[in-house]
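Visitor: Single-letter residue listing:
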Amino acid sequence: MTSDLRVRETTAAAEEVRPTAPVVTGIGVTAPNGLGTEAWWRATLAGVSGIRPPARFDASGYPAKLAGEVPGFDAAEHIPSRLLPSTDHMTRLALTAAAEALDDCGATPDDLGDFGAGVVTAASAGGFEFGQRELQALWSKGGQYVSAYQSYAWFYAVNSGQISIRHGLRGPSGVVVTEQAGGLDAVGQARRQLRKGSRLIVTGGVDGALCPWGWTAQLTGGRMSTVDDPARAYLPFDAAASGHVPGEGGALLTLEDPAFARERGARVYGAFAGYAATFDPAPGTGGEPGLRRAAELALADAGLTAHHIDVVFADAAGVPELDRQEAEAITGLFGARGVPVTAPKTMTGRLAAGGGSLDLAAALLSVRDGVIPPTVHVDRLADGIALDLVREAREHPVGAALVLARGHGGFNAAAVVTAAA
Amino acid sequence: MTATAVRHKNNLKGTEMELKELTGLLRECAGVDEGVDLDGDVIDTPFAELGYDSLAVLQTTGHIEREYGITLSDDTVAEAETPRMLLGFINESLTAAGRAA
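Here the protein sequences line up with chains A and B, keeping their order. Residues 1 to 421 (this note's numbering) make up the first sequence, in order. Residues 1001 to 1101 (this note's numbering) make up the second sequence, in order.
Misleading hints may appear alongside valid ones.
[Said to hold, decoys possible] If we take Cβ atoms under 8 Å as the criterion, some of the chain B residues that face chain A in the derived model are:
hint, residue
1, V1032
2, L1050
3, G1051
[Said to hold, decoys possible] Label-pair restraints from in silico Cβ distances:
hint, chain 1, residue 1, chain 2, residue 2, range
4, A, R18, B, E1034, 40 to 48 Å
5, A, E288, B, E1065, 58 to 66 Å
6, A, K141, B, D1041, 31 to 39 Å
7, A, W139, B, D1074, 20 to 28 Å
8, B, K1020, A, G142, 24 to 32 Å
9, A, A46, B, T1071, 57 to 65 Å
Just so you know, these hints were derived from the structure itself, not from any lab. Quantities reported herein were computed from a predicted structural model and do not represent experimental measurements. Where a beta carbon is used, it is the ideal one built from N, C-alpha and C, also for glycine.
Chain A with its partners taken away, still in its complex shape:
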């Protein structure tokens, strides 16, 4: 395919996006390779990895020794003192990302009205680090020593609640729990709320459980890499793939009704043009995994075809069998090496509910800047993986991107973002 043809199709994608598609007007990021959207994006384009031994607990005695930990985060700099005693680390990261996204979108409380804006986030485990501390207090010292804030600080819906309260967003809110697919599923749910009349929804995921309890729970899943070289531990699609490195953080977005965004003159990153979710067939029944179907449905939902897509952000499990299934889904739709594919999460680790939304943020900035972020550390594709994997930032007009995410337990989600109509 020539680049001229690619440019023409890129233009076509923007023209075909439905004007009713919701738009993203604000982005907030807390990621292992950068705190704040622009710091993270610069690091991502430069291929800077945030995978290293975690600083907040000593992982050296565990089989898995590496994590993606958000660097230089001083909670007191970002979170009011009133909220410090009641929040888990990942909620503080979420509040920081939400404040950045809302500031970035420029909407005022007057614009939003009393009930015009809500919050839909994704979560996986809730506040594990907070929960571990309080459960330790319970069994070592007694119930009197357990924080009253344990009642909600470890609850998986806590980020939606805290963001809603802090910013006075009293419209429809909720939480989606579909593991790694959640970062896309939350935005799909936010779109439903816009269709029902909301003006703006703060949505996406910021997650993390980098503490001994979270670590032990994740180890039982059997998908964590036990390789201790930060450059070799998480190698999706590589012949040496050995599982993934878990990380913390993610992205929150402001998703807006397009008419409302136009009316208030908002700067628009792009449109959330298509979305779909599927389940895998029951284990042992032998059906095809649901990822390809999710991608096809998301494209159809956007009114586009595979030819319009300029880049695919892969789920990138890092587990050989799952990598093979994803590569087959992508080549089934686009042909062998038929579309650039990237996995910037090789720089952050897998962020559970934060992963899909951080990829959405990357896709939107790819549209803005005409550049595809790289997949790092992967140097030799496994046999049978016929992907055009982007290994260094690639200048390339991006009119439409497909983002894929899979959650443990059979969840699949796909989203299409495009330049604004």
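Since the structure of chain A is provided, determine the placement of chain B on it from the hints.
Guide: Just chain B now, with coordinates in the frame of chain A:
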């Protein structure tokens, strides 16, 4: 060493807790809302106006119960709408604990 720690150290059951000590404990257990001056004349200001919900008060009274070896019923805590009312309940318990000691 803070006043709280000194009191705890000496286990001064039977003496009265004053506003300054209570606001110090609120600050320590539940933080302070921006725009609230806890050092001002707040003894009759409702906790809600000071930015403290019932859970913040519960978090603080739980700490006081542990550190001072007293028991405050949940109903008591819920009834205390101002620092003066809460101090009344706390000092009643401290006096009772002092008599028992």
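Visitor: Indicate, hint by hint, whether the structure satisfies it.
Guide: Now for the hints, and whether the structure bears them out:
no., hint, result
1, V1032, "6 Å, holds"
2, L1050, "10 Å, violated"
3, G1051, "6 Å, holds"
4, R18/A / E1034/B: 40 to 48 Å, "43 Å, holds"
5, E288/A / E1065/B: 58 to 66 Å, "59 Å, holds"
6, K141/A / D1041/B: 31 to 39 Å, "37 Å, holds"
7, W139/A / D1074/B: 20 to 28 Å, "23 Å, holds"
8, K1020/B / G142/A: 24 to 32 Å, "29 Å, holds"
9, A46/A / T1071/B: 57 to 65 Å, "59 Å, holds"
Violation of the numbered hints given earlier is confined to hint 2; every other hint is satisfied by the structure.
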